[in-house]
Amino acid sequence: MSDLLRGILQAIQLIVAGDAALLEIVALSLRVSGLALTFSVLVGIPLGAFLGLTRFIGRRLVIALLYTGMGFPPVVVGLFVYVLLSRSGPLGSLGLSFIPRLFTPGAMVIAQTIIAFPLVAGFTMAAVMGVDPNLRQQVIALGATPWQATWTILQEARIGVLVAIIAGFGGIISEVGAVMLVGGNIEHNTRVLTTAIVLETAKGDYGLAIALGLILLGISFLINLAMIRLQGKSFD
Amino acid sequence: MTDSASSSAALAYRLSGVRKVYGDRVALQADSLDIRLGEILAVVGPSGAGKSTLLRLLNFLEPATAGEIEFLGQPVGDGSRVGLAMRRQVTTVFQRPVLLSRSVHANVAYGLHLRGRRGRHGIVEAALEQVGLSQIAHQPARTLSGGEAQRVALARALVIEPRVLLLDEPTANLDPYNIGVIESITRQLNQERRTTIVLVTHNVFQAKRLAHRVVLLLGGQIVEVAGVQQFFEAPADPRTRAFVNGELVY
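Residue numbers (the numbering used here), protein chains in the order written: chain A, 10 to 245; chain B, 443 to 692.
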């Protein structure tokens, strides 16, 4: 209890003081997860819409793979990316400049994108499939092109699509396994909120660990609140 | 040759040997059907006769399995060769309207947005006025009753000013007031804008009230096409007579 209380006090102190080390960690967390979420949305929403709206041979297999992806343990994804990007790995050994190296924020973005995009795609697919199947025929009859029809269906599914984005964000801002493995928790370089919490707990500095945890929760809450605000009246 | 060219110029559609097959079931077999520009053609027949299939082909929502369709004087093959601008000359009001979860006004304006134009000033408002829904223009469309929703569906078809309007059982399950509103708008649209209207209905009285010509479909086959008076008073086919008299024809 005293640890928790101390943590809360320390969190307030750190925030009020605008602690430079804290700001750096928060900024990197947001940058890595924000970029990963952006890529996940760019891949996941079109993929989810495609899977939800078309029928093709092998679709069930793709969906089964996607569902598996939604439950990927981050640490396994981390391991996978680690092996790929390591100096002797299939991608790392190519030495290409646009492939991020291990223990860089770029590697963390790749790992988190792999974690988040199945979530975004899976929830988007479910949302799109929940839209009245007759709607597509009706908007095409009103003169929509196939692209316009798909866009309209995504707009109709907007609450579900927003949940997809929130789920993707929640999955990566809170994960530690992948960023720890491929980032390495290097101070001033690849240390993010979750890896810092692991480190402080291991060091026995529970107060700071709890402070960081509360800040993570607070950021997550504020971002979700902002996304719902962005959606406007749809939630009424 | 010139005769057939000039006669097809006055046609909205000419169907030749058109057939639509689902699996191993022939849903429609229209060996020859002309739909004239500016007419109201009622399509009657029992359920499963191929009425809705015909409308989907006329709106180019599905291609025909075989046959040739001519639309506004242009051959469009099985329907898949119709261009976007041509396809946008025709729209359907379905039996069960699916509205967008937006305001009534936004639903009515939707077809114009698809075309990247706002339309004549006040055209959306005028359409809402016409269907008697101006006072609820800013309500969410999902809160409407069945009759109101169908009037919104009609209004969103009106604003795009189609050359051809397809109505698929538009008044099934509606109360007499809403049936009256929709029928009078249909008549007005045909008289004032010369809109070609194809009305699918299982209600022979509605066909009698609105149509210039009537076609009876049975089991996907065209039994008879005739002017409304002849269709009801002196049908050529005994099955038409039976259908008009409300007897079961199968």
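Keep in mind that the hints were calculated from the coordinates and are not lab data. Since the model is a prediction, treat every value here as computed from it, not as a measurement. Using N, Cα and C, we set each Cβ at its ideal position, and we do this for glycine too. Some hints here could point you the wrong way.
[To be verified] Covered stretches of chain B (in silico footprint by chain A; criterion: 3 or more residues with CB under 8 Å from a CB of chain A, positions within the stretch not fixed):
#	region
1	467 to 478
2	549 to 559
3	598 to 607
4	656 to 667
Comparing the hints with the structure gives:
1. Only when three residues or more bring their CB closer than 8 Å to a CB of chain A does the claim for the region 467 to 478 of chain B stand; here the count is 0, and the claim is violated.
2. Figure legend: the region 549 to 559 of chain B, annotated as covered by chain A; annotation consistent (4 residues with Cβ-Cβ distances under 8 Å, at least 3 required).
3. Under a criterion of three residues with beta carbons nearer than 8 Å to beta carbons of chain A, the stated coverage of the region 598 to 607 of chain B is upheld, 3 such residues being counted.
4. Coverage of the region 656 to 667 of chain B by chain A is violated [criterion: at least 3 residues with CB-CB distance below 8 Å; count 0].
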